[in-house]
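A.B. asks: Work from the hints to combine the two standalone chains into their complex.
Protein chains in written order, with this note's numbering: chain L, 1 to 415; chain Z, 1001 to 1478.
Simulated from the structure, these hints should not be mistaken for lab results.
Check the hints yourself; a few may be wrong.
[Claimed, not checked] Partner residues aside, some chain Z positions facing chain L, computed with beta carbon under 10 Å:
| id | residue |
| --- | --- |
| 1 | 1201 |
| 2 | 1368 |
| 3 | 1380 |
| 4 | 1391 |
| 5 | 1400 |
| 6 | 1401 |
| 7 | 1406 |
| 8 | 1410 |
Where a beta carbon is used, it is the ideal one built from N, C-alpha and C, also for glycine.
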Amino acid sequence: MEEQLKIDFEKKLKDFSYSDQEKKFKETNFKEFLKNGFPNRKLENWKFSDLNQIIKNNIGELTFYNDYKKENQIDKIELISELEHNKIIIVDGKIEKIDFKFEDKDKIDVLVEQSEETIKENINSLINLNNAFSNKFCKIIIKKNYSLKKPLIIYHSTNKNTQSKNTNSRIDFKLEENACLRLIDIFKDNSEKNFLNIYYNFELDKSSILKNYKIDKAINNNVKYSYNNVKQEANSISETFILSSGSKFFKNEINCDLQGQHSSAFVNGIFDLDDENHHEIKSNINHLVENTKSYQLVKSVLEKKSKAVYQGKIFVSSEAQKTDGYQLSNAILLSENSEFNAKPELEIYADDVKCSHGSSSGSLDENSIFYLMSRGLNYKEAKKLLINGFLLDVIEKITDEEIKNLIKDLLGVKQ
Amino acid sequence: MRDKQIEDLKDYKYGFSTDIENFKAPKGLNEDVIKFISNIKKEPKWLLEWRLKAFERLKVLKEPDWQKPKYPKIDYQDLYYYSAPKSFKDKPKSLDELDPKLLETYQKLGIPLNEQKRLNGIAVDAVFDSVSVATTFKETLTKQGIIFCSISEAVQKHPELVKKYLGTVIPLTDHFFATLNSAVFTDGSFVYIPPGVRCPMELSTYFRINASDTGQFERTLIIADKGSYVSYLEGCTAPMRDENQLHAANVELIALDDAEIKYSTVQNWYPGDKDGKGGIYNFVTKRGLCKGKNSKISWTQVETGSAITWKYPSCILKGDNSIGEFYSIAITNNHQKADTGTKMIHLGKNTKSKIISKGISAGFSDMTYRGLVDISPKATNSNNFTQCDSLLMGNKCGAHTVPYIKNKNSDSNIAHEATTSKISEEQLHYCQQRGLNPEEAVGLIVNGFCKEVLQQLPMEFAVEAQKLVGISLEGSVG
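So that you can see chain Z by itself, here it is in the shape it has in the complex (with noise of 0.2 Å):
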């Protein structure tokens, strides 16, 4: 019994835990721990109020309900707001001061810091729970006047940028969960690019949630100057556990003049074992504002964990001449639930935008595209085209559509298809006549499906990536 115990355990990779004693604010969501919070950050008394601000708000809120996937309801009260390693209650001024056994964890994750900073020339923002380990590569950026460091620095050392831009594209009064992380957020990543500079490297956080109960409250901005550009990479892996937890993070990205953000992700938290217990709940608030003219924002991701994904990744095209992207792959096995998609929000003249999504559900998952593409009456000239394909393996997983289209703009166009299907007995058969076996060929057809998304990933990312579409249907055929 205890064997097969261990051996379901080993399923996911990543399932391990540190047992690095957590500092914890008291359970439950009140005033003093949005206090306590903002207090143990030393933070600005304009945050606190914002903070307070966004609280008040929330109490008037109801938690949406119109999703394909529910879960059960969340006690709020019954979470810990916010979690730090004891040890940490004291900065590390470098990565030698950083405690063993947390280096100890990425090295099982495989991001070792050292190594990863000599030999990616990536710089690396860890997030290990909810404060910033260590930020590295700072001085090469800081050379070219990047910031790029934790939300919790920019409002001690940039808090005029911090106060121009935090809450401009999310605002306090938006959604239940958005507004519960305005409330609540912990620590995420701020990147400034001034204006002219092409930031010379991707920008990478790993982030990983420990600490049983804990919901993780992020909170990324991300601001690009006139002429500038970045690509920023975001990736996952949790640890298992059998409660839900519950992730709800807020991404603001703005996009001045002729400025370009890239933003791209690969989720892959634990999703729940195979008769759907625990997992993540990732409820993740990610918006662009491309502010400027010709501005562009791009979200590329690639969905693999978590018990439940709700998330829609937008663009607002508000400057002349901007563009909005979306490339989707969102896999879906076992019992694991996906809502996700797009909106698409074109106000400025010659807007284009462009969506592609691929679903892909398999064993007993439910998998939603749920996407939204408004031209408003002023937006002439703008342009869209979607893409949704779905397919389905075996006949107990669903996969759905759920586009939202309007247009209000007579010289705007709209083009919107969408396919669903099974991987064909004749494409199977002809990649095991050639040698590969049930699963492997699978494997294949699907990242052929899936190309044109893994296409847009960073050369780093694509690889990890399209080793990831492979594991998350292992046990999927036959």
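Excised from the complex, chain L in its bound form (with noise of 0.2 Å):
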């Protein structure tokens, strides 16, 4: 694979013109990844899942170049037509379409980023491998006070003939003052066996609200990681939801740095799994300053031989007093051969909090199917209401009314 991504690479830097920043940006990130590789089970927040092995398994040898002069077919994309919405697409880690038709043009910005000269935050060797292969990414700001008329819907679809390719793709958003985004990931693929690997940056201003749902509903052969690096100041409110069910392999990360006093994060994640997919949600909230809340509501229902990973941290600094830490996963395994694997995590240097964690994992309780079926409910339904009931109270979370209904729409769940 080292040959591999060494020969693309080569070829990504002389068929693109890069600046010398730039160029020296990618080159520092393809070094570290070079150095650290896909990560493993070595490695503790991979422990449940070790992606290279993963990859190996589900996809083989990896390609990683992509020609970003070559237009992408975005016409044969399914979009969603039960709610109106702006609009990016992205295919193959190329954005192909920005589209904020229903906004004031006045108020959104949309910049064509340079890289940055040094890397930031080294986060893990994923963020190296994205920020080398990945085409210009682009910021966009929501200007002060301005609340978006209609969500975002970013779709995330492959070319059909594009395979066993690894795809990066970022976007950085800026939440000014008092603005309010409402943001849907959808995945479409249109092809199998590919590595997406997508990564989000989020500054939320003072008193700015984000909530980004991602929905990866569409069954599909697909290895997909996604990193939400999410930074809130003060009254900032950020709601992550996650239907993880689709892909062949997903782990979502979301790492929340609640810098500002009265700033909160929601977490909350469906696992739906089916066959032999291999989900995981990895969550890092950072309470830094006193008077932060976070509340992680996580529940799974696996079938078959699937598996399910939840590692979720609460990390609350010595200055963060008057934390509001909370936890809570439950997962019905239906099947044998299916696994459920938590790791709830807390490390507390401040005194004055409150912050608990509870997960707990088992069969469906028999004595409700019982109940249901002496009413006159055969196995199967009193099956289906019993999960509908359990999942029905993630999505309840869910504070924004037409998504709520779109999601329930998309999971059949009735109220």
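C.D. replies: Shown next, in the form of structure tokens:
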């Protein structure tokens, strides 16, 4: 793989005219990735999901070069019709279309970013890979006091003949004071056996609100990784909802720095897995100042040979008194071969805090099934009803009514 | 200045050392030292070979570094691996033959052997440095067929038992410190309870680390045969030393069909002074195997001492219907650090485990609960319940919870709960209103917080432990 990496990286540097600064940035990141490679289970963070192995088993040899000069066909992508929305379409890691047709153009800036000079934070090797191979990334700025009228949907898609490829995309968002953004990620896979690597940066200024809904519903054979890096100033709110279901492998990582007082972060997730799918949510909530709040709820329903992993960490620095941190994960294992792993972690250095976590996993409650069946439902119906109720708990946490209904439709859950 | 130093020394009640000339193996870790230890203990050939095999393995192993408390690198070549009081070369036949100075040390510690023998009805196998001083109450136990002696003695007298079970729970190829112990272990306790026997008394060992620079490498092996029961107590105090002393013990428990082992520890080794200087490194490997059906192993620990405590008493629930329990109180104050917890590995059907962990950190200390619950695909109908609560006193200390939960069986249930909080002002106010001073109030509340675990301790220990909880937190209020 190393050979392939070097060939592809050289080709990339040759084909695109990068400024010296960009070149340097890409090279440092590339070197860093070469040094560490794809993460494996020796790393604490990847203990339950050995990406190196997963790529080997599901994809085999990866190639890394993507021709960003070439136009991708986007009209074949099936768009969401139930909901009026702004859109960004990404195909093979390249942003093909940015369309804010419902919005006031003065209030939104879209910049094509220069690469940074140095790596600000060395997060992990996948981010290095992303920085080295991604196309120019864009930065979207929502101006002060502006609240988007319609949600923004980002479609992540692949070309029909893209196979065994690694695609990288990165978007930075800045929400200025009192701005509000509803962002939905939807995956439309047109080909198989690719590794999608998505990296988002969010800067939330005072009193801004971010709602990010990630929907991975369509069944596909791709391996995906997504990293959300959220920095929050005073009174800001971030809400992340993850529906993790369709892909072969998907790891969602959320890093949230609560660095302004009275900021809060919510992370909710559903694993609805079947076959041999293996999904993970890893959250890192860092309470860095006083009076911050976080809430996490993750529920899993696991069929056949599927495997779900939830690693949730709450970090409370010694300055962060009056922190309120809560974390709960429940899992229902429906098959003998399914597996649920959890690592709910607390790292606390302040004493005046309220932090707790809970985790449970087990089978469907036979008594409840009996109750429903004694009232005339068959086993299948009873099971479905119970699971619906179980998952509805998380869906009800979604604060946006429109999107809540959309997700309910997608999951086939009724009220 | 000098007065102040003396004053400081007084802080640690047990901070003294007896000046019995020590009989030591040469410094360093190599094959010759291992041969020396084996030779001096008159060990059979197979055991020496076993030790050397462990040493071979040790050469390729690396010290683990994933733990939370970091410590300065230990120079393993700069330690003595064997030291025994010189007057001990010929073992005494009875207590009367003991070195009076040694007996005096125990008096200061509050364990007068003779007294204890009569009053408490506990058989005490006292370990002074690395050699068993005396084993008492042997006769009563022998009558029932119970073997309770030092492991060196067991090697001589019951080689077939030792050979059969040694290293079956903690194999030679385990992690660095366990393997180090396998190569150089000096002494420890050996217990065998024959089938159907309920041990009539609590078996107990008091450890005491003496002689500076000596890492103590204890090895304990407890076997409960079919249908038997034993409760074993371990308690320790160590004299004050400036250099950090390494303690890497291995404890192996084996419970056969229908057997039950209860293992309780009160650990109060020297934690270092107020500035975090000195103190013991307590890197112990404790593991129990519920080998037979319906067997049960229960760990109870009260950890208040040591500069660094790093241990995970574990249960491997192999037999069907076996039960594993873990009750723990860990208290850290000043600059102490602890990374402790348990592993419950469910392999058999209908296995159950319960984990109750209470952590209290004060001063500049750091405390981590790290635990694993692993239910394998074959362990149908298994159950686990985990509760770990932490209490923080002050904002210079840390409390962390790192549970690993793996469920690979759909018929099994795992429930985990954890909370972190501080002592509420209302509670303190309530107690003080009724005439307690702040320190007493905190002591009372903390004791209440730990009650679930303290209840699990045998009577004699419960009292001592309750006092320890209070003493450990002295100076952390206000």
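A.B. asks: Are any of the numbered hints broken by this structure? If so, which, sorted upward?
C.D. replies: 1
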